[in-house]
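Chemist: The primary structure of each chain is shown beneath.
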Amino acid sequence: MRVSNSTWRAGALGVVAIVAIGNVILAVHKTLPPPVDSPVIAVDPVTRQERRLAKLRQSLAARGVEGVVGYLGDSAGPALWSDPGQVEDYYLAQFVLVPLVLEGNSERSEWAVANLRTTAASARVGPDWKIAEDFGDGVFLLRKAKP
Amino acid sequence: MTFAAVLALGSAWLMGVLLVSLLWPGPRRWRADLGFILPLGLGLGLGVTSAIFFAASLASSQPVRLSLILEFSIAAGLAWLVGRRSRLATGTGKAGTPGHSWLVAFGATALGQAALVAAVTSWRAYVAEPHGGWDGWAIWNMHARFIFRGGENWTRLLQQPPVAWTHADYPLLIPASVARGWAFVGQDGAFVSGLLSGSFGLATVGLLVAAVGRLRQPLVGIVGGLVLLGTPFFVTFASNEHADIPLGFFLLATVVLMALGQRQPEVRGFPVLAGLCAGLAAWTKNEGLLFALLAAGVFMAQAARRGARRASGAFILGLVVALVPVAIFKIFVAPHNDIVSAGIGGRLAQLVDGSRHRLILASLVRDVTRFGEWSVLPFFAMIPPLVVPGGKRLGRGEWWVAGLLALTGAGYYAVYLITPWDLAWHLDSSLVRLLLQLWPAAVFFWCLAISQDEEVSAARRRPRWFLPWFGVANLGLGAVVLTVLARQPAPNQLAVARVSGGEVSLLTGDGWFGRERDRRAEWMWSKGESVLFVRSAAAQPVALTLRFRIRGLGARTVRAFVGAGVVWQGAVGEALVPTEIAGVVWPPGVTAVVFKTDAPGLPESGSPNARALTFALYDPRLE
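Chains as they are written, first to last, in the numbering used here: chain A, 1 to 147; chain B, 1 to 623.
Honestly, the hints are just simulated from the structure, not real lab data.
Misleading hints may appear alongside valid ones.
Unchecked claim - Dumping the calculated SDA-like pairs for lysine to any residue here, alpha-carbon to alpha-carbon at most 20 Å:
1. A:K146 / A:T118
2. A:K30 / B:V585
3. A:K30 / B:A486
To be verified - Interface residues of chain B toward chain A, partial, derived using beta-carbon atoms under 10 Å:
4. L157
5. V220
6. L226
7. L228
8. M382
9. P491
Each residue gets a CB set at the ideal place from its N, CA and C atoms; glycine is no exception.
Build out the structure end to end from the sequences listed, making use of the hints.
Modeler: Structure below.
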């Protein structure tokens, strides 16, 4: 029996459709529903930082702070850029605190944000700065100490 | 918030539908053309409204008011023009009632249900990362926040060197659209970005199906739509708030409109719309600028060959109009692009660096087969229809448009060659997204290439009862699909019991190694002290028995506590022991069940990295 080209093509299209539908089903099987709410539920890093820095953002707005603000992470200078975790923290802090612009070199700013994971504030905050507000969980608002 | 977000998107969409309707060749055949007008309307509407909002944000610290006035005026003008054009239209055209065949109906059902499943997948991906993936929040939503929160200073703030890493030179179709949505809503919630992002994914599938259905056969269009929906990366990325899916939409829209223009060269609307879409690609991403220039070159070369100068003029008109916001942004707002500002001249030698070519090609070979994140690679199935003998399938004009895609790919290749960034890093962080941008248009050409223009079968006119029954049957099937998907357990959900007034879930807490399973059982090893949570959504306390099997590594006693009280204890050894915690009344909310053992963990093997295991729970359930 001779099978026509159009039959072949229809069959081949059917195979493509079946493969595609298989991929659709397997994709939803792999992409699980969101976790059920519980005390240890993990949220995405952005939402976590939004919550962690929310009070700092409110405080900065209430104080009328605008423009460029200093940023202190656990490491100073180039070391901050060599640690992907600290770079992500810095970027996320920038995302949360827009429209402020966070600058790693904080010398030219009157205000600075300290976003510390592993370092104590006493070890990281130099004498040029005083802690204006402590929001807990390593988050501080700093103001340049008057000479 | 949800209503305002939908209103923001809907009003942009309406404006786009009016614009496309005005430029679409008449006489109007609404039902036949809706598959084009709706998806194109979404893209063009967001393009126009984002440009208006961008302009308003440059002129005013309260851009939403100015933007609304401008949008309303333009929409009213478009509506008047569309109405006037409809009254003047004298031709009748074809009836445009699509024919019906059971095979097409079956395919449409498969496509509709696949779209529903894909929408659930996309929604889950959105919920996992509501602010988008890395580029989603670090670039696109970041810029949207500068526009929304920065007031009249947003351009100055975005130009600051400390935020150069956000790529402040990237075009603003997505950020301005998101900021516009936030302005409607009054706050910068993630839902607006997710809705916008997902809409582009849906529009891409709709446009592909409609275009192939028109240029070839509806059934081939349906298969093309399934291929796109069967690309998991496309589906999960559609809600991930990047600009690659929107760019892919504009690339597809441009080539579709160019292909349609080949069929009706006398129609000016297609080249104008194609030019607009190419320009909006440039308003979406920098790669789109490259595509717009190549599209203009290809279109003009082809038009010159045909002697169709007017078509060239129409394309250029659309392109220039869409490039106006790009030019204003690039000249007055954007800082220098990192690739261009590093000085291309010194990097021209990289064009002939063999090691760079090898690395790019190796990455291309690697990523072409994996960028879609397929469980079953579709290429093996997609090749046979291409090689089935048959007549000439692609027209000359369609080959030109295929060439445009090849040129775009070559352009991306050249950018990799001269990139100032570490090439391996640049490839790893972007190549799969570039392939995704080209994928919808590539599927479009695959569809054109596997079927012949002349193959349109004589379809019977569908009976009156068909559409209502078809709709009801699909709604019913969709409800079944959603019910099945709703029963899929969450990653932290071990068991579910449905009781009157709600659902009670058993959830993993701290202190467990990961969940393991084989064909017969699922289990979790405890690190020593570990927690399960019983989360009851019922309004009243519920009495349920927690059943599981337990075994340990070494002999030990295990106790389970709820609060300070012991609810179960037993001696545990190597053998699996069926166990139940009965008599506990679980209050509404979350109750912790803490498991403790009296003996330390033992290494599971002699390996230095062996886990220290204590006891394991098997197949826990609530009854």
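Chemist: Which numbered hints does this structure break?
Modeler: 1, 2
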